[in-house]
Every structure is written in structure tokens, then in C-alpha cells.
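K.L.:
So the chains spell out like this:
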Amino acid sequence: MAKFIKKEKGDTPGISTASLPDIVFMILMFFMVSTSMRQTDRKVKVSVPAASEIAKLERKDLASYIFIGEPTSQYAAQFGTDSRIQLNDSFRTVDDIRDFIASERENLSEADRPFMTVSIKADKDTRMGIITDVKQELRRCSALKIMYGARKVN
Amino acid sequence: MADISFLMLIFFLMVTTMDKEEGLSRRLPPLPAEDQKVEDQKVNRRNIIQVKINASDRLFAGNEMMDVSQLKDKIKEFLTNPTDDPNLPEKEMKDIPGFGTYPVSKGVISLQNDRGTTYSKYIEVQNELIRAVNEIRDEFALQNYGKKYAKLDEDRQEIVRKAVPQNISEAEPKDVKKQ
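Line by line, the protein sequences are chains A and B. Read left to right, the first sequence gives residues 95 to 248 (our numbering). Read left to right, the second sequence gives residues 13 to 191 (our numbering).
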């Protein structure tokens, strides 16, 4: 009859880890879906200004980015500390914007081209001079939809 | 199994960037064609307000120096013109499909900045201008539909946008003199 005698030890059973893979998988799936990998290396310091009347960019895939700011410390020796423009992966000048916009436009499908948005991510200490130049160049390339990058604050 | 998924989890945790794409959406004016005369840009004096930011980040609106906190109310007064002041913009009765006629303000805000203005100040002022327009839109929406602008459906938002247009002109670059 020993079979039916319960072990009366005071041990609390350990937490079952059988569901751990499921949980990890779930988190993994979440990160895989929500992730957007950074395509470019930032070579300029950008801390965008704050604003309250913020709109979200509806279609991220239609956006092209222009970064404007001081070169980061590792490039400061080479490029100085004056505000520079970064397109894709390298420092560029205002004259290169035309080619940049043209190539970005090429990458979009015919139907999406009118909705292309240029997102200007400029550091908050940048002077407007360089941004005005960029804006004028964008007008010349007729890339008129722009967005000034900003972060939400109430 | 759990190890591999852990490894992948760590990988995705590291590479993920969750920066949201947000900002102030604007539309630049197209460049005038070279043969086009400038005469059609002539706007009645009372219909335009000059908002200038100079190189030392001082703000002038309608030739008055002011703080950014005062700007929104100034712009709201300019755009709504509640007392039909002859110095403030005129209104034009416009027929808005789906709503009827509504006196739409002809006011235009002209934003000018110096090359030395800082970007953060510029965005701050832009933000105030947009806030003024958004508040007027909200008021209009509340009055007519009992809801805020953002809560309306697409068609009604369109009507509100027509009734309260966002006429902010980022003027041709001009150096604002120190005043």
C-alpha cells in the first residue's frame, strides 16, 4: 500500500520552465515585427527640437532623410565643428541634394513619387542659414513635401 | 530551442531602433517660373502679417517685438478678426461643399528668418503658428460638430480645413536686419 502514501515533505516545487520558450518566442516575435534597422550611420550629432503640434509620418518608406548638424567627435578633426549635411552615409554639400533627391525618387514606384517626403533632421543649435539653403535646393528639385523632425512635448 | 530564440531575441533587442518619425509637416511653395511676373503675389496689406525672427532670436510680429508666448494669441486674433477691425484681414464668403457659406479669412502669415536664427527658435515659432491654426480649427469644429478637429471624420476635417486654411508662407530667404 506504500504506493498511495503521499510524500509529506515540505519542499515547494520549483517553477516550471516549460513555458519559457513560448514566452521568449513571443517577445522575439514582437521585436522582429516592430524593429526597423537603422540604415545609415549617423555622422552628425542630431538632437531634434521639441514641439507640441506634431504630426506623424504616415508612410515611413516614402521618406528620405537629410541630417544636419555638427560632425560627431570622431569626424570633428577632419570636418570641423561647423554644421554639415549628411546624405545617406557621407558628408555632402547643398549641391549634392539634387542628385540625392533624384536617386531617392528613382527608388520609389511611379504612383508613390508625388507623396515623397523629405524629412529634415536638424540639430536644434543649427543656424537657419544652412537649412534655408537646403530648403531652396529642395524647391529647385520640386521636392515640396517636407517635415521638420521634432519630438513630442506637451 | 530556448537558447536559440534567446540569442535571436538578444540580437533583435540590440539592433532595434524604435524612434518614431514625427515632426512638423510643411509644404514648400514651388519656385516661381522664371517668366512669371511677381504681380499676382500682391496681397492686400491688411491681409498679411510679418513674423520675423532676427539673428539674435528676437521675434517680431506685425512690427511689434514680442515673446513667443504672446505669438499664438496675436495670430489667433489676426486670423479670426472677431471685431471686423479694418486693420485685420478681410473675410471672403466662400461656399464650402457640404457645409454652406462661411466667411473665410484671407489672412496670410509670412514667416521670415535670418541666416543666423537658430533652428530651435524657428521650430518653436513654427509650432506656435501651427498651434494657433489648430486651436481655431478646434473651436470651429466644436461649434459646428461638437467634437474636436482630430476626432472628426475625413470629410468633415476637409470642411474644417477649407473653412480655416493654414496659410503660412515661408518667404523667400531675406536677411532680417537687426532691430
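Keep in mind that a hint or two might mislead.
Stated by the list, open to error - Listed next, the in silico EDC-like pairs over lysine to aspartate or glutamate satisfying Cα-Cα at most 20 Å (straight line):
| no. | chain 1 | residue 1 | chain 2 | residue 2 |
| --- | --- | --- | --- | --- |
| 1 | B | K84 | B | E151 |
| 2 | A | K239 | B | D97 |
| 3 | A | K218 | B | E33 |
| 4 | B | K133 | A | D105 |
| 5 | B | K174 | B | D69 |
| 6 | B | K174 | B | E147 |
| 7 | B | K133 | A | D116 |
| 8 | A | K218 | B | E166 |
| 9 | A | K246 | A | D217 |
| 10 | A | K239 | B | E170 |
| 11 | B | K159 | A | E147 |
| 12 | B | K84 | A | D217 |
| 13 | B | K133 | A | D183 |
| 14 | A | K154 | B | E34 |
| 15 | A | K150 | B | D15 |
| 16 | B | K160 | A | E147 |
| 17 | A | K150 | B | E166 |
| 18 | A | K150 | B | D150 |
| 19 | B | K133 | B | E34 |
| 20 | B | K106 | B | D85 |
Hint data in this document are derived by calculation from the structure and do not stem from the laboratory. Note that the structure is predicted; figures quoted are calculated from it, not measured.
K.L.:
For each hint, tell me whether it holds in the structure or not.
P.N.:
Hints and how they fare:
The suggested pairing of K84/B with E151/B holds, with an alpha-carbon distance near 14 Å, which does not exceed 20 Å. A distance of roughly 35 Å separates the Cα atoms of K239/A and D97/B; the hinted pair therefore is violated under the 20 Å criterion. Distance check on the hinted pair: K218/A and E33/B sit about 17 Å apart at the alpha-carbon level, within 20 Å; holds. A distance of roughly 66 Å separates the Cα atoms of K133/B and D105/A; the hinted pair therefore is violated under the 20 Å criterion.
This hinted pair does not check out: K174/B and D69/B have alpha carbons roughly 33 Å apart, beyond 20 Å. For a cut-off of 20 Å, the pair hint linking K174/B to E147/B stands: about 15 Å separates their Cα positions. With a C-alpha separation of about 50 Å, the suggested pair K133/B and D116/A falls outside the 20 Å cut-off, and the hint is violated. A distance of roughly 34 Å separates the Cα atoms of K218/A and E166/B; the hinted pair therefore is violated under the 20 Å criterion.
The suggested pairing of K246/A with D217/A holds, with an alpha-carbon distance near 15 Å, which does not exceed 20 Å. Restraint check for K239/A and E170/B: the C-alpha separation of about 19 Å stays at or below 20 Å, so the hint holds. With a CA separation close to 18 Å, the supplied pair K159/B and E147/A stays within the 20 Å bound. Using a Cα cut-off of 20 Å, the hinted pair K84/B and D217/A is violated, with the two alpha carbons roughly 24 Å apart.
Annotation: proposed proximity of K133/B to D183/A is violated, straight-line Cα distance about 28 Å (limit 20 Å). For the suggested pair K154/A and E34/B, the alpha carbons sit about 10 Å apart, so the restraint of at most 20 Å is met. The straight-line distance between the Cα atoms of K150/A and D15/B is roughly 38 Å, outside the 20 Å bound, and the hint therefore fails. For the given pair, K160/B sits about 15 Å from E147/A by alpha-carbon distance, which is consistent with the 20 Å threshold.
Taken as a hint, the K150/A and E166/B pair is honoured in the structure, with Cα atoms around 16 Å apart against an allowance of 20 Å. Of the pairs offered as hints, the one joining K150/A and D150/B holds, with about 19 Å between alpha carbons and a cut-off of 20 Å not exceeded. For a cut-off of 20 Å, the pair hint linking K133/B to E34/B stands: about 18 Å separates their Cα positions. A threshold of 20 Å between alpha carbons decides the hint, and for K106/B with D85/B the separation of about 25 Å lies outside it, so the pair is violated.
Checked against the numbered hints above, the structure breaks hints 2, 4, 5, 7, 8, 12, 13, 15, 20 and satisfies the rest.
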